[in-house]
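Asker: So you can see what is in the structure, the chains are spelled out below.
There are 2 protein chains.
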Amino acid sequence: MQMIAQTPKPPYYAVIFTSERTDGDNGYSKMSEKMMILAAKQDGYLGVESARDAIGITISYWRDLESIKNWKENVEHTIARQKGRSEWYKSFKTRIAKVEKDYGFEKE
Amino acid sequence: MQMIAQTPKPPYYAVIFTSERTDGDNGYSKMSEKMMILAAKQDGYLGVESARDAIGITISYWRDLESIKNWKENVEHTIARQKGRSEWYKSFKTRIAKVEKDYGFEKE
Chain D
8 MQMIAQTPKP
18 PYYAVIFTSE
28 RTDGDNGYSK
38 MSEKMMILAA
48 KQDGYLGVES
58 ARDAIGITIS
68 YWRDLESIKN
78 WKENVEHTIA
88 RQKGRSEWYK
98 SFKTRIAKVE
108 KDYGFEKE
Chain S
8 MQMIAQTPKP
18 PYYAVIFTSE
28 RTDGDNGYSK
38 MSEKMMILAA
48 KQDGYLGVES
58 ARDAIGITIS
68 YWRDLESIKN
78 WKENVEHTIA
88 RQKGRSEWYK
98 SFKTRIAKVE
108 KDYGFEKE
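First to last, the sequence lines map onto chains D and S. When the count follows this note's numbering, it moves up by one through the first sequence with no breaks and lands on 115 for the last residue. When the count follows this note's numbering, it moves up by one through the second sequence with no breaks and lands on 115 for the last residue.
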């Protein structure tokens, strides 16, 4: 179940991944779930948020640039990213951003 | 139609707004559309990306912190944000982040 990520006090980092999918599942759902579980085990992982309708947006939060780099170099993740280019995505954009400030609201 | 935003070369800023909606529309869709149009007219606006399923994620991109501040202080936007707290959102989180790096992919 997707929720708002419970991230610590800034600063920390966000990897914003925005994508347009190709038609059909082509093994995407299974791999996506696998990557979510694997990412959560990485050192420096802080949380993830994801939503999709016409486009998909997945934001993963990380302690620092070092933990983002380590996750990018993870072998299983690298294979998944290659499948992303060949099978699942028509186009995507990845943005690495430093969260400087955050605030929230919750109804009582 | 939601698309991947065509943002300039970093650095620039992202306002990441993640939310859980209350039940029903309650005037949300009309106001949301109005705010998208109004935001796009602001100085420093660079684009927006949005998707919703279990949670909603809307990311607006801005030239600098000054343009984010001006948009936050816009009177119509301030009224819409108040309605957000009273009517449309169970909870939300806003994160202000500096995009340091980006890269993309597009199928030929």
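Warning: the hint list may mix true and false statements.
One copy or two, either will do: identical chains are not told apart, so a pair holds if it fits within one copy or between any two.
Subject to a maximum C-alpha distance of 16 Å in a straight line, what follows is the list of computed EDC-like cross-link-like pairs (lysine to aspartate or glutamate) [claimed, not checked]:
#1 Lys90 with Glu27
#2 Lys37 with Glu80
#3 Lys100 with Asp30
#4 Lys41 with Asp109
#5 Lys79 with Asp109
#6 Lys16 with Asp71
#7 Lys41 with Glu113
#8 Lys97 with Asp32
#9 Lys41 with Asp71
#10 Lys108 with Glu73
#11 Lys114 with Glu94
#12 Lys16 with Glu73
#13 Lys105 with Asp71
#14 Lys100 with Glu113
#15 Lys76 with Glu115
#16 Lys97 with Glu27
#17 Lys114 with Glu27
#18 Lys108 with Glu94
#19 Lys97 with Asp60
Just so you know, these hints were derived from the structure itself, not from any lab.
Asker: Any of the earlier hints contradicted here, and which numbers?
Answerer: 2, 3, 4, 7, 9, 12, 15 and 18
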